[in-house]
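Chains as they are written, first to last, in the UniProt record's numbering: chain P, 1 to 104; chain F, 1 to 104; chain D, 1 to 104.
Source of the hints: derived by calculation from the structure; they are not laboratory data. Every residue, glycine too, gets a C-beta built ideally from N, C-alpha and C.
Stretch-level coverage of chain F by chain P, calculated; a stretch enters the list once three of its residues show a Cβ under 8 angstroms from a Cβ in chain P:
no.	region
1	24-37
2	56-70
3	73-81
4	86-97
Listed below, chain by chain, are the residues.
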Amino acid sequence: MTQQTSKLVIVTEKLLLKKIAKIIDEAGATGYTVVAAGGKGSRNVRSSGQPTVGDFYSNIKIEILTANREIALRISDEVAARFFDDYSGITYICDAEVLHAHTF
Amino acid sequence: MTQQTSKLVIVTEKLLLKKIAKIIDEAGATGYTVVAAGGKGSRNVRSSGQPTVGDFYSNIKIEILTANREIALRISDEVAARFFDDYSGITYICDAEVLHAHTF
Amino acid sequence: MTQQTSKLVIVTEKLLLKKIAKIIDEAGATGYTVVAAGGKGSRNVRSSGQPTVGDFYSNIKIEILTANREIALRISDEVAARFFDDYSGITYICDAEVLHAHTF
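Required output: the full structure, derived from the provided sequences and hints.
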């Protein structure tokens, strides 16, 4: 059983995780993966141009495998509309082909 | 020197890492990358629907660049057959083009 | 507003982050994401074949979304030329389509 999928990636500030998780759930996606992330193009390097040591991984990278591109776009639009005026963030789509999946 | 590659991604429970690393080695893949991951669609959010605070990153995301699709499928099939009845997990493939590689 | 992009991924040793960040900046990329990573095909598993417990996540995975393939190749060439004789590392490219982006 093989299915074509879109993988939506959202990199943004950690404090938005709960609200974005709710948007993902409501869009009908069945799960997501979260990884702690740092980097540039985010608040924690704004002033000095270099990542701060204290809280380097102050961002999150959320990956959502969706059954089709429309669901991915809907989540991305909602996240950007609600948060990207006030918080830094980026969303992008990659192709991915799910091979096996089992979640409790 | 540029070569076309498949990237296999496995997201599953942390305690399976050693056994999966053995499967990857035996399939002839030369390396893999591991990242700590949390999320939904995994045990740690089963009861409440929200990630637990105590051990949020209780999953791992393993990425394996393989020389061809067949090796990626073989690893995925073996991992799913041995573990996905008892543990939550997902495997998927993306295209990736390796540019430079140097490992000791 | 949708744009086609290349995503360059660099997995290498943590201590190179600052120098690679400088290369990324100078190539004109606007940002990057960093994630702590472990794995095989890197120094920390060279001797035993298994990851060491003490400092498992001694690598980093850097992701850079670039406006075109040329910028990604330039960064990759520079990183490999300067560091991959002395340090372990791999660089690869994936397709990615940026949907929304907002950075301060």
